[in-house]
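Peer 1: Letter by letter, the chains look like this.
There are 2 protein chains.
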Amino acid sequence: MHAKASLKGTAVVGQSGGPTAVINQSLVGVVEALRGQPGVDKILGAHHAVKGIVNDDFIEMQNIPQDRLERIAQTPSSALGSSRDKPDESYCKRIFEVFEKNNVRYFFYIGGNDSSDTCRIVNELAKTAGYELRAFHVPKTIDNDLVHNDHTPGFASAAKFVAHAFIGDNLDNRALPGIKINIIMGRHAGFLTAASILARQHADDGPHLVYVPEAAFDMDRFVRDVEEVYKKNGRCLIAVSEGIHDAKGTPIATLLAQQVEKDAHGNVQLSGTGALGDFLSTAIKKHLGPKTRVRADTFGYLQRCFAGCTSSVDAEEARQVGREAARAALSGNLDGSISIRRVNNDPYRVEYKLIGLGDVAAKTRVMDAKYILGGRDIDSSFLDYLRPLVGKLPVVESLRSH
Amino acid sequence: MHAKASLKGTAVVGQSGGPTAVINQSLVGVVEALRGQPGVDKILGAHHAVKGIVNDDFIEMQNIPQDRLERIAQTPSSALGSSRDKPDESYCKRIFEVFEKNNVRYFFYIGGNDSSDTCRIVNELAKTAGYELRAFHVPKTIDNDLVHNDHTPGFASAAKFVAHAFIGDNLDNRALPGIKINIIMGRHAGFLTAASILARQHADDGPHLVYVPEAAFDMDRFVRDVEEVYKKNGRCLIAVSEGIHDAKGTPIATLLAQQVEKDAHGNVQLSGTGALGDFLSTAIKKHLGPKTRVRADTFGYLQRCFAGCTSSVDAEEARQVGREAARAALSGNLDGSISIRRVNNDPYRVEYKLIGLGDVAAKTRVMDAKYILGGRDIDSSFLDYLRPLVGKLPVVESLRSH
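Those sequence lines, one after another, are chains L and S.
Okay, so the first sequence: first residue is 32 according to this note's numbering, each after it adds one.
Okay, so the second sequence: first residue is 32 according to this note's numbering, each after it adds one.
If we strip away everything but chain L, and leave its shape as in the complex, we get (with noise of 0.2 Å):
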């Protein structure tokens, strides 16, 4: 995967699929090690990611300062804008026109895995087509399933955004005690649902329950160990991912939808809605009685890109991401993924590492089942995992033990 001549020509960079609060700072890391690169004539920002690429529509990003850069790094969501579009051989053939036409020879691609296979199709259409092109998917997801990645960009951020949740919520929880669902993002993977752990700073904090993809949900063992808990404790504060499924594999937000809403991957839609909280809330209430204080909340869309909130670790590696790709490209390298993997964990330290389009596209890499305990909890364990990545949390004081 390495070419002898260099090449000279435009840069397209573009953001996909979900925004985070650090998605900037691989943007603006790629266009800040390309710039003023012999190879590099120009660089144009995709607008709303391929959806820019076949209208045409640029951003000219050789000339913005670097203080305005910088800005930019640390506004969250995707500054480009982004899309969920997923292109098939015609949509390839129009980026192709587009790419031909502005010469474009080098291209970012920040995404998560659905992105990561969108920039490997666009990848084999280029080669197919004769044309040389240097193609590198930049990883980002707040899911945290990308193979090959210890962890991705834009995850430790969403992750901080549980704990300071849950760290709230549970203190929230023990004022006014009760049962209390927490459905957090996640359809394929629990990691960011097991980050909620991280708000447990006393022998009796929650989350209680943590259910996570990983493993099938069942609504009477549900309804069950909440009852445990509550009988127990006296409160019951539960993490549950969106993803959750039953054995069959079938999630259960899919079982209550009356109309279910796909999008152009064929991904049902999880998010935005209550549905699943509510749908929970509602079988505890039928087993519990319906007097029981049973309240759900849906964290949604804040916890991918709430501003101040951002994980510096977090911050500094989607940086560099974006600049090991740009290097990777002018160094030679056709076409690939760049990968982080812990070397050390305390202290902590990581190192990048390019691999294969093929090998990080359309696969989901999900949680180690050595983290998951009994299919209702998660391992202690996995905060040494996490902590080093989400970084110093708020310290709680409390009057009593229990």
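Just so you know, these hints were derived from the structure itself, not from any lab.
Each hint can be trusted.
One copy or two, it doesn't matter: identical chains are merged, so the pair holds either way.
In silico DSSO-like links for lysine-lysine, alpha-carbon gap of 30 Å or less:
no.	residue 1	residue 2
1	Lys317	Lys117
2	Lys322	Lys82
3	Lys132	Lys82
4	Lys263	Lys117
Starting from the known structure of chain L, fit chain S onto it as the hints suggest.
Peer 2: For chain S alone, coordinates are given in the frame of chain L:
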């Protein structure tokens, strides 16, 4: 309301109603102003508010070291635990038995308008029984709806959370355009929902529509408002109070609830469910077609106790209202409520004024009509009121103005 002879006895302090991010500041303010005073033998924290009093369940607080008190002050939610019980005659009789048994002569009740009413009832019964009690209400509510107050402790921190959430969500909605509804706490008053306009930094920033309980909500007008903004901007971010109601005063949330849950105060459950957001989503999809991207998030309990998003002005004032109540009691006043008045806006300065319990109990303040534009927006002059309370917010940078 002034007693001449000095009193010697035990002080009881309780925290009632929904917790906030700064309610422990008020608790610590009361404790630190009382302890060491000759009239005060002991300071007892009522475990779970009036419930703790009738169960003789107290936590001794006079000997807690100052550094631990400081950590408690900085911890969100009610460290003593809370309750939503509304004491009736027989409940209050039990309260007096416990007060007499413990020689309780000072009573501080931190809470909102339901709680100030509880305080008033207890105080009236003490008077009827000829029991000398100094009963003080210490204001707290994220709803910001206490009369005779410029604002209330807890509101500014919740408003800061709402602002941070909307800053991120506005950028999220810009990156992946569609219609997004955010449901915010507020049964009768729209102050917290209106705080969403703090997120507006650039010309096209949302929220683009804001609905508060102060204006009657009409579903047909709502969907037409959304259509108008969506067609003009290609996206629409909407802030909605959970307490919106129709022209007859019936909350929209109750129109859709099959089984309406009420608390001891007769309040209908509004929070802890995504039903209202989902109901509004469905109405918009019905009007604009099922393919329209409509999402709804309900901020729920996150907004009142989120760790690490506290307004420093709020924390300081919450501490001070506790101290002021204790000082008023020690200086011989028999009863009252501490209110916050804004003396100057720039530089921001407040004063604390003792008012009667009857002046504030069970009354609700709502937003001034001058702030509410056509029942669907909030005037930017409301920002002059808000900004000194909430403090500095993250500044975001945009690549394009649109």
